[in-house]
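Trainee: Protein chains in written order, with the numbering used here: chain A, 1 to 887; chain B, 888 to 1774.
None of these hints come from the bench; they were simulated from the model. For each residue, glycine too, the CB sits at the ideal point set by N, CA and C. Treat the hints with caution; some may be incorrect.
What the hints assert, rightly or not - Here are the simulated lysine-lysine pairs, PhoX-like style, with alpha carbons at most 20 Å apart:
1) LYS1713(B) with LYS826(A)
2) LYS164(A) with LYS190(A)
3) LYS804(A) with LYS826(A)
4) LYS1713(B) with LYS804(A)
To be verified - Distance ranges between label pairs, derived from CB positions:
5) ASP158(A) with ASP1626(B): 21 to 27 Å
6) ALA556(A) with GLY1393(B): 25 to 31 Å
7) ASN781(A) with ASP1706(B): 20 to 26 Å
8) ALA1619(B) with GLY10(A): 20 to 26 Å
9) ASP886(A) with LYS1529(B): 34 to 40 Å
10) ASP158(A) with GLU1492(B): 55 to 61 Å
There are 2 protein chains.
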Amino acid sequence: MAKWVYGFGGGSAEGEADMRNLLGGKGANLAEMCNIGLPVPPGFSITTEVCTHYYDNDQKYPDTLKSQVETALADIEATVGMVFGDVDNPLLVSVRSGARVSMPGMMDTVLNLGLNDVTVAGLAAKSGDMRFAYDSYRRFIQMYGNVVLGVEHYYFEDLLENHKEDRGVTLDTELDADDLKQLVIAFKEKVEEELGSPFPEDPHEQLWGAIGAVFRSWRIPRAATYRSLNNIPEEWGTAVNVQAMVFGNMGDDCATGVAFTRDPSTGENAFYGEYLINAQGEDVVAGIRTPQHLTVYGKERNNSKAPSMEMVMPDIFAQLNDVRHKLEVHYRDMQDIEFTVQQGKLWMLQTRAGKRTTAAGLKIAVDMVEEGLIDKATAVGMIEPASLDQLLHPTLDPGANRNVIARGLPASPGAACGAVVFSADEAEKRAGQGDAVVLVRMETSPEDIHGMHAAKGVLTARGGMTSHAAVVARGMGRPCVAGAGELRIDYQEAAMYVRDLTVKSGDIITIDGSNGEIMLGEVATIEPELSSDFSVLMAWADEFRTLGVRTNAETAEEVRTALRFGADGIGLSRTEHMFFDGERIVAVREMIVASDEAGRRAALEKILPMQRDDFIELFRLMTGLPVTVRLLDPPLHEFLPKGDAEIAEVAKAAGVSIEEVRQRASRLEESNPMLGHRGCRLAITYPEICEMQARALFEAAITVTKETGTPVDLEVMVPLIVTKRELDILKAVIDEAADAVGSEQGVRPHYTVGTMIELPRACLMAGEIAETAEFFSFGTNDLTQTTFGVSRDDAATFMAHYEKSGIFEIDPFISLDQDGVGELVKIGAERGRAVRSKLKLGICGEHGGDPSSVAFCHRAGLNYVSCSPFRVPIARLAAAQAALADS
Amino acid sequence: MAKWVYGFGGGSAEGEADMRNLLGGKGANLAEMCNIGLPVPPGFSITTEVCTHYYDNDQKYPDTLKSQVETALADIEATVGMVFGDVDNPLLVSVRSGARVSMPGMMDTVLNLGLNDVTVAGLAAKSGDMRFAYDSYRRFIQMYGNVVLGVEHYYFEDLLENHKEDRGVTLDTELDADDLKQLVIAFKEKVEEELGSPFPEDPHEQLWGAIGAVFRSWRIPRAATYRSLNNIPEEWGTAVNVQAMVFGNMGDDCATGVAFTRDPSTGENAFYGEYLINAQGEDVVAGIRTPQHLTVYGKERNNSKAPSMEMVMPDIFAQLNDVRHKLEVHYRDMQDIEFTVQQGKLWMLQTRAGKRTTAAGLKIAVDMVEEGLIDKATAVGMIEPASLDQLLHPTLDPGANRNVIARGLPASPGAACGAVVFSADEAEKRAGQGDAVVLVRMETSPEDIHGMHAAKGVLTARGGMTSHAAVVARGMGRPCVAGAGELRIDYQEAAMYVRDLTVKSGDIITIDGSNGEIMLGEVATIEPELSSDFSVLMAWADEFRTLGVRTNAETAEEVRTALRFGADGIGLSRTEHMFFDGERIVAVREMIVASDEAGRRAALEKILPMQRDDFIELFRLMTGLPVTVRLLDPPLHEFLPKGDAEIAEVAKAAGVSIEEVRQRASRLEESNPMLGHRGCRLAITYPEICEMQARALFEAAITVTKETGTPVDLEVMVPLIVTKRELDILKAVIDEAADAVGSEQGVRPHYTVGTMIELPRACLMAGEIAETAEFFSFGTNDLTQTTFGVSRDDAATFMAHYEKSGIFEIDPFISLDQDGVGELVKIGAERGRAVRSKLKLGICGEHGGDPSSVAFCHRAGLNYVSCSPFRVPIARLAAAQAALADS
């Protein structure tokens, strides 16, 4: 018989940590904590397979589920000595979702389940606290009514607020047991009014309602958005965790808290957390009460006045600190834990790998290797390559003028600058228009995820370091300042107020997520300093990786950045970027408007020395490293003069009439320039351009080789090939230029000639092309465009829609489409290598800096990836992880 | 030992007709004629393998060639009783090229080889005609000097003209033996002056010089152009034919002529040819003297005054007529023959399959089946499918006003209209700019081929029905009027004169190649009448073909044309073509500028009845035949209003401001619309468009089904799919529309849903897509664009260059690139069928009407091709030939 339910508690469990695919992360870890002897309230997990079954079978459960749940519930009852639905000694349970990976706040939770008009009295009697019992009941109805029954939240809030007003009080805590009893009645009436049927009194009915709600919530839009942002397949499904309730809000010997086993911002090996006396867990996470620090160290470092748990509950703290060490040794990773203290007893409610800033992740990984907890390979595997991006982003220039208008908590590091927006939709909309925006909210909720993703940074007026805004922003790598209590935000007016200052929607602000500062206007930024942890870990990564990592760079600054970040060479230097510079663009335009070869040659003569000087600079910087230079690629019209002044300038330089320049320009117009007269097609029709570029390259290479004594490792790359013959023709032009330069200079340049494989036909014809080409560089940007028939420039109108509809799991321009484009890359690689076994293979599209694409390139047997300078570390780490996954 | 030389003559031969790959067409047929007992001057063929060897080995011959040539030469000497280089009885030979297929006039020929200062005397003595001997010698030096030694032709012409002037004569024939002797001396001096070495006197040196010239001429540019126009691989090479000379110019009992065994214009079973008394063969072909008709019938039909051969040389004519019958029975095809009569004896110099008009080809094929000469399959195989195009082109409206300014020979049927151009280069240039041009020349030569190809028609002032212009134009399917002697053409002035009328370059004329009329201005045309031969042969083709032939059509007229031409169904009906019509375009634009779904739906409501009516008309015409309708495909901006008036009209209809329409229009602009928001992407983002189209289709289908009692065979085609999910989403929309219409009308429409496979990714993902798609139609136009990364619209700037450089053998938009695009089609077909074995497969690109692409589709296992209405017969015939080739 299929096992759908796994119990845990009382010192043992049916599941364990590595069953997270079946039990979800939360369930697997609850079981594991039981197994290693930590105090966990007993419970059971309904597996993710039930979720899959539920959706595959028209929202029906497997036949045997009911009996297995009943058995597991009986086990809880036996362990805790309470009975579900019992009048005197009622067992209450929580029902929580738990997917394979953490989806913070995305899934709905129901607490205090099992309460009804009868059991509430038992709870009151047992706890000796009528107010507590009715507050629990009130919360349950509110939560269950909203989450399971779909009654809008604000109905309950309104009733609560009205009641407080009637009673002349402002805080929930000022309501007494009778108030709460009345509210329970009012809440239940409201539910019946809305639904036409009464609130369910039967605890079993409540339980099955909650279980169903968890499964259904797997497919609500905000969960779908989160999954699509995080590439979580829908078919994974969620588990359901049913667990005996423990209460942190039964008095002052109760508490609830969350903690990280190390500092998630810095990585420092210091216990880091927050707690609230006499509170339920949700109170901490929701950021409604500002929590207190766990440790004395934390309290002092943050200048907090509220006493730490270390001082208030030293015994419990000691137990908790012990748990912390046990968990780290057991999991060999920093953990994010939730706990509750019920009447002096510690209960662990959750453990999971803690989210952390990248800097913290690096420090933790490096420290743990030094502590002997993990080995280097594990350390390298612990860092999400894409997260390195956080470290590499500029921070605020400490010397720059800052008009600091307020301060909040430094919730997620890095600086962000942009126009203020007050809603997630607005953030998404303006970001879609290309604006940098900062999302400003009272507090954030799962509904805001898409806006947080779209924004450059997030600012909230409420909530702590573990609030939704803080956790999610850190995960996304968005700078975040949280809990800036000085801010008054008026959504209606679309403005926020700090003292007498008004900041309106659209005004520019800057936030510094590393120190919590909020500044009016834009503040200058500087390059990040990289920690020694970074260098250490990257050096380990380099020990493991077999894939080369080059960079796409042209300017000296880009090249220097890439070298600092550890690039092994240049994989793509686009010569046309050198064409736009000041004076030379006029010569380039002169060439374009020339009516014949002689005219073009005259203009090319002027360009030659400038190109040569560019290449000399490049080769000097890259001494000893390979440099792939791509010949002119874009359609000529991209260089055309725009506006009358430029047209006149070119006409004068070329000695032709303005009308002629205009006509030539209009003849060069193309309806689909991406598929037009560009790439090697330019060199085929105007070989003199290729000849000039080859000459400039070879003259530069010989000059620098003579200077440095080290031969320039030059790879001449011909773009947009679809046939061997194109390459043959152009290789002949290049070789001829080499011969000519060689005989002029008395030394022949060293070089290889290869091609970009960036069109589907080139992949298919790779065997023939490799007869001539000495290397291939897969241009996956263009290859994606043509394989999909989608122009990156024009995709914006439908790409979001395509991702939302699940047509594309992820934008194929961001992460290589391994099924389609990937198959073409593999075909190209195989056919090329079949003809020329030593064929050097690389990719030079944007994908070269995308971790999963890098892993693909590793598996496809490429020699290197090439990416933008700032993504070099990401690619290095991703390459190392791919190699480790392979070994 | 490898055999490089094959002898023939004296009633037998070492070769035979089916050795044309080795001996070339001419050589193989000379051998065959010997074998069947026809009178052929003895000779030998040097094989095409020698040509290949020559180019593969740095222009060196195989070692044993020399001795084999000597042996073969000795055989000729033995047969004719003459000796090569002998003083008294010199054997003279011709040296001619002969490739596997006929390349008329492309290869150089040398006659009278073996003459020198000594042997010329022997020839004079033997022929008893000093003038003849020196005229032969003079011609030899001229020909050899030019063709083999590379001395410019005009040097010899100048010397000849000067000499005539000195002697005060105007015709060559007025020069006597002494004149010619002096000219021989002058010619040889000129050769020595130009080359620095004397004209070769040694006949063997002459022979090897000529052989080398033939091989070298295989790669001269005009040969390369012809090959590239006719898809003849360079590696085939040419053979060399060395043959004993016979002379048609030794007196009035001599003659030379060319003939077709049936009329090459009409196909009539009548001997058809021309001859000249006392002339050399080149005189007839070059069109310098106007030749006489062979038969009385021919003479009378053409109102010729010059006597026919049938009357002048009745015995020889009877022999020739006998040869004609023998050849037809032997070759089972109409033959094009060359003959010479030397002093009363008939010699056959060549036979080959005769070029013919398509109408003639059809008549010959059908007649020969009726005559029992061939079977139906052979008849079907005899017609070049592409040539049917000639028949299908419009002819001049007999009722239209014609300003006939002159008449020439009806050299190639069909009418053409265009701007007059006087050079092949000009023709190519203006045609490249999209102009229709008529190439006007005194006479044409192989150098003009590219211009003839570019022109709509050809007009010459000189030359007969077998002149270069006539033969080549017929082969190409270009209308041609030849030998219009009234015309005076002045290349310098770029004008032609007819009496007092001047026609300048750029003026529009019309020519009718079917009756020889030349008209000023444009003349109205009408649809062609198709002969019963056409119907008979097409019916035979249909018996053999297994591939369906559908059409791409939307308008009633197109559909009717396609049905008349035998289409099996509609493979592609583009719904957007229906959007442009008068009033509906306003509603379409209203939809496009709508700011929300409600606005779009309102506009779509207006479009729905119009679309439905279109579909009703379509389905009525196509009763019982399958109809594939493609959902909206092009980017919306294609429908946008252009200019202020249209913008205002749309703004009014949509009830929005002009500024809003303008803004919406500018937002819809795309940098690469081909790769933009189009195809199914429109329907994914605006499902209501898909819904309206599906509803219009289903309502129309039910209406027509009720009317006719025959269910409409509707295939709904979703364009531009790259993932299965897109199709899933849209199939759901379509199915929902079908359900809705079904329940409204009480009967559910029959239909299938499939997709165009027109992007590389769709081919690769065909397996997944076929899980949903019930049929695939390969959109090879778009697939070619994306596989090559070439936009058809923008390719003009480099495509000609690409063909000329041999990068593309043929424009991949004209004939399917079987290596690249073809592999993707095969991958798509295989993967699709692997998942859904009955998957219906077709193609609907322009390639559907290209014979070699049709053959590819047959081999790839497709079910049908779909092409434009006028190409349906071509596709039917090509499909039949592909099936025959397969069996």
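Trainee: For LYS804(A) and LYS826(A), compute the direct alpha-carbon distance and say whether it is at most 20 Å.
Mentor: Given pair LYS804(A), LYS826(A) is violated - Cα atoms ~29 Å apart, limit 20 Å.
Trainee: For the pair ALA556(A) and GLY1393(B), does the Cβ-Cβ distance stay inside 25 to 31 Å?
Mentor: Check failed, 56 Å falls outside 25 to 31 Å.
Trainee: Are LYS1713(B) and LYS826(A) close enough, with their CA atoms no more than 20 Å apart?
Mentor: Between LYS1713(B) and LYS826(A) the Cα gap is close to 18 Å, so the pair holds against 20 Å.
Trainee: Is 21 to 27 Å respected by the C-beta to C-beta distance linking ASP158(A) and ASP1626(B)?
Mentor: About 42 Å separates the Cβ atoms of ASP158(A) and ASP1626(B), which means 21 to 27 Å is violated.
Trainee: Would you say the C-beta atoms of ASN781(A) and ASP1706(B) sit inside 20 to 26 Å of each other?
Mentor: Roughly 24 Å apart at Cβ, these two residues keep to the hinted range, so it holds.
Trainee: Look at the Cβ atoms of ALA1619(B) and GLY10(A) and judge whether their distance stays inside 20 to 26 Å.
Mentor: violated (50 Å)
Trainee: Kindly confirm whether 55 to 61 Å is satisfied by the beta carbon distance between ASP158(A) and GLU1492(B).
Mentor: Distance hint for ASP158(A), GLU1492(B) is violated at roughly 42 Å.
Trainee: Does the Cβ distance between ASP886(A) and LYS1529(B) fall inside 34 to 40 Å?
Mentor: Violated - the Cβ-Cβ distance for ASP886(A) and LYS1529(B), about 57 Å, lies outside 34 to 40 Å.
Trainee: Next pair to validate is LYS164(A) with LYS190(A); report whether the Cα-Cα distance is within 20 Å.
Mentor: The given pair, whose Cα atoms are some 17 Å apart, holds under the 20 Å limit.
Trainee: Given the hint that LYS1713(B) pairs with LYS804(A), test it: the Cα-Cα distance must not exceed 20 Å.
Mentor: Measuring from Cα to Cα gives roughly 32 Å; hence the hint is violated.
Violated hints for the displayed structure, listed by number in ascending order: 3, 4, 5, 6, 8, 9, 10.
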